[in-house]
Structures are given as structure tokens and as C-alpha cells.
Amino acid sequence: MPEDSRAILKALESVLIRLRENPYPHVPNPPNTTRKRASVAAIIRVRPAYKPVPAAVNDSVVAVDKPASPPSSLSDFFAQEWVQEGDPELLFIKRAGRAGDKWSGHVALPGGKRDPEDEDDLAAAVRETREEIGLDLDTAHCLHAGNLPERLVTTSWGRDVLMVLCPYIFVLTSQDVPPVKPQPTEVAAIHWVSLRALLSPTLRTREAVDISSRWAKRVGPTFHKLIRMTMGRMMFSAVRLLPTESVYASSIPGFIPTEGGDNLSTLSGWAQAPFGVPSSNSKAKDLLTFQQPLILWGLTLGVLADLLDQLPPYNAVALWKYPTFTVPDLRLIVYIMTRQFRKNTAEAFSSGSFYSQKPGSRRRPSQTAMDGTSQAIAISPDPPPTMGPETSSVAISDEPKGETTAQKSGKRASFNKHDVGIGGLGVGKSPEHAVGKLLHGYYDRLNWAIGAFLIYRTVLTAGSVWWLVRLWRRRNGSRL
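Numbering follows the UniProt record's numbering, in which position 252 of the sequence shown is assigned residue number 252; successive positions increment by one, without gaps.
What the hints contain is simulated information worked out from the structure, not anything from laboratory work. Any given hint could turn out to be false.
Derived DSS-like pairs: lysine-lysine, alpha-carbon spacing no greater than 30 Å straight-line [said to hold, decoys possible]:
#1 LYS321 / LYS343
#2 LYS321 / LYS10
#3 LYS51 / LYS10
#4 LYS51 / LYS181
#5 LYS321 / LYS225
#6 LYS225 / LYS36
#7 LYS113 / LYS181
#8 LYS113 / LYS36
Distance windows between CB atoms, simulated [unchecked claim]:
#9 LEU226 / GLU347: 33 to 41 Å
#10 PRO178 / ILE455: 55 to 63 Å
#11 LYS113 / SER69: 32 to 40 Å
#12 GLU245 / ASN315: 21 to 29 Å
#13 ILE256 / THR139: 44 to 52 Å
#14 ALA452 / THR244: 16 to 24 Å
#15 GLU81 / PRO25: 33 to 41 Å
#16 ASP120 / THR185: 41 to 49 Å
#17 PRO25 / PRO52: 43 to 51 Å
#18 LEU319 / ARG130: 31 to 39 Å
Even for Gly, the Cβ is constructed at its ideal location relative to N, Cα and C.
Please take these sequences and the hints and turn them into a complete structure.
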């Protein structure tokens, strides 16, 4: 067993016990979103260390071992020898390609919207998991291990609250995990990924997103294409997943290609597929379904950042890269205009003035959950610290002194839709969260960099046109 697995298991036990005993508070629905709630399940299992299977000595004698009773607590589970020698893993799904689905083809956690018949958000997570992957979490061999911060999921511009997202953690306690069965209309594949891989610096990457789609309805198709050609795509932090075990929904049409053959290798790497971002109708691209890399980013990575940041090597925040753009000159301008900011932030992190790096310390919710079409902002139960005139993008309503806990929990969360970063890509201006501190003020500088870039491109284009017109006139004049 790798030594890093031992350290992760030890820290994971401490974190999960603390989350179970001190759950994050319930976040009521903002106004006009009474029924819009969704739940996801972060399912953890421990893969036992390899042991050879003994050969049967006498087929006529069958030894029947009395099954041990399942552990009733997290402490009992982690105290088992096979767990201490195992490797912890987390379950992910790749959503099936569906037209009109904002998260179609994304790597995600199993879950979905809460139905009226669901008793609470936890029941919704259990039901959705059973329906999507055929795994029953309401059994004696599964322990509920608390939750992660609930979040407001909004449109990219922050104008509309889509839902309140409620993440729950579950631990499968049996050595023999029940087989999973992807529901083919919703789930394309199921993947178990080691926590060691999620925390490895070598698997950190970036995901390029076409942010011009955010302005498509506001500026029209012509300006939309112009913005896309001018600004390129925006790159966000991501993790490349290395599954230890995968189960595919093989009944999906196109699982086995019916055409293409060697032509598959001629398509460029940006080709999309039903299990990638299904923005293309090309049948040839659909044949690349199972050749696409598994990339964890956006909403799901932001949700899990709150858990990963508490596990060794305790540098999950330090591994995050600042968002930038694919266009070289815009990326250069962003680099120049944010250079001093990044330097000052790095010094603050290294000096420990932003937050303590003590293993297992309770972190505030990460504010990094965002993708190409939406953002998810964690809500903290505590008022943000005073660090300047800027206020939090999401805050709990002001609470008069002397209120009881029940009165405070009954307060509705207030959401300032205007206090976000560029086009809803920002993490808000709250400096109270780990990654929020890393990016606190960054998007303000990014906005200035984009403004400078647009002015520079306008001047360059106008100058080029003026020079070409002048050159054309000179040539025509010399001919006359």
C-alpha cells in the first residue's frame, strides 16, 4: 500500500467524522426558487489491497464464514485492518449527451433535482443515486458521512438562481461493493477514481471554455462570432481523471462505431462527443465517445475542493491556476496586469496570513464552482471578515444580536446578482474562503485587462485599416 494512501486515509477519517458531527447548515431557497433544489452524492469506497485467491483444496467441503456485521460508525469502519491497508476512491459519472441539458456530457457526481415526494435533500440524493447508477445508499453497508457546503447555482450572468445544490458524502463499508448499473438515458459511464489521483499535482490541467456563448443572446449572432474570434476561449483549473474501474452504458446507440474506421484518428482533439460537451451534430465526432479524456472541472470540482483541500498533501489551493485566455496577446496582457497581484497573493499564502494549513483544520467553503454556463456559490454561515470595502457576493442576512440558533437558521440567504466577476465567471468578492482568498480581487484586474485588450485590438484594427486605405490610395494615385 502506498504511504500517501495511509496519510489520506488517516486524514479522511478525521475529516469525515468532523463533518458528520458538525454538518454545514441548511440553506433555504432564495425568493422565487421554492422548488428548485438538487442533491448530489459523493460516494467513497476503499479498495482492498491485493491478495491472491487461494485455490480450493476439497470441493466437497465448503467452508461457510459467518458474515461480519457491518460497522455502525465511521470510527469502526476505519479501524478495520483491510481499510487501513486499502486505497480510498471516489465515484464519478459521465452524463449522457442530451439536447438542452446544461450539464450534458460533464463529469459529475450522481444526483439530480429534488422531487415533491422526497422527504428532504438527503432523500433526494439517495433516490437519484439509485435511479442513475443502481446503487442503494440506504442500507446497513453504507454510512452517511455528513455534507459539504450547500451552494446557489445561478446562470453565468448571475441573473437567475437555478437551484440550491446540496452535496452529501457517503461511505460504502463493504469490501465487495455492489455492482453499479448506469441508467443509459442519463449516465454514459461510471468511474471510480483514487483520491491519490485527485490530489496529484501531475494530473492538474486546464479546461478551455468558449465564454462567448454567454453573450450570444445579448449581442446577437454577429457580435457573438466576433467576440469568439477576438477573445478565444477561457481556461479554468481542472483535474484529469485516471479511473481504477469503469462501467459503461453499452446500450447507448453508437457505443460500437458503425462507420469511420481509421478515419477516427484524423479528427482533431477538440472534437466533441455525446460524453464530452455535445455542442456538435457531427456523427463522425460522436464516434469519439470513449476516446475523450475524463476532465473534472467547473461545478463538481468546486464542490469537491472543500473536501480535497483538507486532505494531504494539503496544497489543493496552491495547485489552482489563475483563469486566463487562449489568445496569446490577451493572455500576455492578463499576465502583465495581474503579475503584481499574483506575486502579493503568493507571498501572503506562503507566510500563512491567509489561512492556516494545519491538517484537518475546518476550512470555509470554496468559491470555485463554475463552468461554461453557470456558477455555484457556496454560502457561509458566518459573516465575512472585514477586509476592505468589498462585500461578499453571497451573504447571510444581517442578524441582530441575541437571536437564537433556530431564528438564525430560518433566515433566508440574500443573493446579490450584480456582485460577481466577469460575465458570472468570478467567484464573487468574498475573501473568506480558501480559493476565494486566492482569487480575491483577481477578476477585477481581469476585467481591466480585457478592457485594455479590446482597446488595443480596436486601435490596432483601426490603424491597420487606415494604413491599408492609405496604401491603396497611393498605389492608385501613382497609376494615374
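Hint check results:
1. LYS321 / LYS343: Within the cut-off at roughly 13 Å; holds.
2. LYS321 / LYS10: holds, 28 Å
3. LYS51 / LYS10: holds, 22 Å
4. LYS51 / LYS181: holds, 26 Å
5. LYS321 / LYS225: Satisfied, since the Cα-Cα distance of roughly 27 Å is no more than 30 Å.
6. LYS225 / LYS36: violated, 33 Å
7. LYS113 / LYS181: Given pair LYS113, LYS181 holds - Cα atoms ~20 Å apart, limit 30 Å.
8. LYS113 / LYS36: holds, 7 Å
9. LEU226 / GLU347: 33 to 41 Å: Holds - the Cβ-Cβ distance for LEU226 and GLU347, about 39 Å, lies within 33 to 41 Å.
10. PRO178 / ILE455: 55 to 63 Å: The hinted range 55 to 63 Å holds for PRO178 and ILE455, with Cβ atoms some 59 Å apart.
11. LYS113 / SER69: 32 to 40 Å: At 36 Å between Cβs, range holds.
12. GLU245 / ASN315: 21 to 29 Å: For ASN315 against GLU245, whose Cβ atoms are near 27 Å apart, the range 21 to 29 Å holds.
13. ILE256 / THR139: 44 to 52 Å: Because 34 Å falls outside the window, the suggested range is violated.
14. ALA452 / THR244: 16 to 24 Å: Violated, since ALA452 and THR244 (Cβ atoms, about 46 Å apart) do not stay within the stated range.
15. GLU81 / PRO25: 33 to 41 Å: Holds, at about 37 Å.
16. ASP120 / THR185: 41 to 49 Å: violated, 26 Å
17. PRO25 / PRO52: 43 to 51 Å: Since PRO25 and PRO52 have Cβ atoms about 48 Å apart, the given range 43 to 51 Å holds.
18. LEU319 / ARG130: 31 to 39 Å: holds, 34 Å
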